[in-house]
Amino acid sequence: MIGYTLDNHLEVNANLFEAAVPAVSVILAALASELSTLARDHLLISLWRLASGDTHNTEQALGRISLGDECRAKAREGLWLILQLGLTGSADDADTAADLCEVIDLDDNRSGFYQALLRQRASAKTKHRRLH
228 MIGYTLDNHL
238 EVNANLFEAA
248 VPAVSVILAA
258 LASELSTLAR
268 DHLLISLWRL
278 ASGDTHNTEQ
288 ALGRISLGDE
298 CRAKAREGLW
308 LILQLGLTGS
318 ADDADTAADL
328 CEVIDLDDNR
338 SGFYQALLRQ
348 RASAKTKHRR
358 LH
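Per this note's numbering, residue 228 is the first one in the sequence shown, and the count goes up by one each step.
Honestly, the hints are just simulated from the structure, not real lab data. Check each hint, because a few of them may be wrong.
[What the hints assert, rightly or not] Pair ranges (Cβ atoms, derived):
| hint | residue 1 | residue 2 | range |
| --- | --- | --- | --- |
| 1 | Asn235 | Gly339 | 29 to 35 Å |
| 2 | Leu265 | Ala288 | 33 to 39 Å |
| 3 | Arg303 | Gln347 | 19 to 25 Å |
| 4 | Leu265 | Arg291 | 30 to 36 Å |
| 5 | Ile272 | Glu245 | 19 to 25 Å |
| 6 | Ser263 | Asp335 | 21 to 27 Å |
| 7 | Pro249 | Ala351 | 33 to 39 Å |
| 8 | Leu314 | Ser263 | 15 to 21 Å |
| 9 | Ala300 | Asn336 | 16 to 22 Å |
| 10 | Arg337 | Leu289 | 32 to 38 Å |
| 11 | Glu304 | Ala266 | 17 to 23 Å |
| 12 | Asn235 | Leu289 | 16 to 22 Å |
Just so you know, these numbers come straight off a predicted model, no measurement behind them. Virtual Cβ for every residue (Gly too), placed ideally from N, Cα, C.
Using the sequences and the hints, build the whole thing.
If you want it as structure tokens, here you go:
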């Protein structure tokens, strides 16, 4: 639906609202299906924003202090999907997947390996685009 976005409903400037936690699961489910390039890019970036965020002060006042950790835990459940999208998608997908891997993967060795692989892929795809 052109013109409809999730902006300011799930997060504002990386400050998360309560709806962000279940939205991570919905975004991962959508990413597992066939999507247009535009939709996939938008959802991957939205997922990165949620996984990178922290609790909005209005949510903290209500006692919801760990929304960022909850979003990262939910996103971690889709780590292999995120890696697959990064390794098979566009250069931008690879960059976003590397950024996601950095914030959600608790295994430093694995995270470093896949970040390097994804960033190398993004760089190679960008160079390939410039040559054509």
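Each hint tested on the structure:
1. Asn235 / Gly339: 29 to 35 Å: Hint holds: Cβ distance 34 Å, inside 29 to 35 Å.
2. Leu265 / Ala288: 33 to 39 Å: Given a distance of about 36 Å, which is inside 33 to 39 Å, the answer is holds.
3. Arg303 / Gln347: 19 to 25 Å: holds, 23 Å
4. Leu265 / Arg291: 30 to 36 Å: holds, 32 Å
5. Ile272 / Glu245: 19 to 25 Å: holds, 21 Å
6. Ser263 / Asp335: 21 to 27 Å: violated, 35 Å
7. Pro249 / Ala351: 33 to 39 Å: holds, 36 Å
8. Leu314 / Ser263: 15 to 21 Å: holds, 19 Å
9. Ala300 / Asn336: 16 to 22 Å: The hint (16 to 22 Å, Cβ to Cβ) holds, given that Ala300 and Asn336 are roughly 20 Å apart.
10. Arg337 / Leu289: 32 to 38 Å: Cβ of Arg337 to Cβ of Leu289: about 35 Å, so the range 32 to 38 Å holds.
11. Glu304 / Ala266: 17 to 23 Å: Cβ of Glu304 to Cβ of Ala266: about 21 Å, so the range 17 to 23 Å holds.
12. Asn235 / Leu289: 16 to 22 Å: holds, 18 Å
Checked against the numbered hints given earlier, this structure breaks only hint 6.
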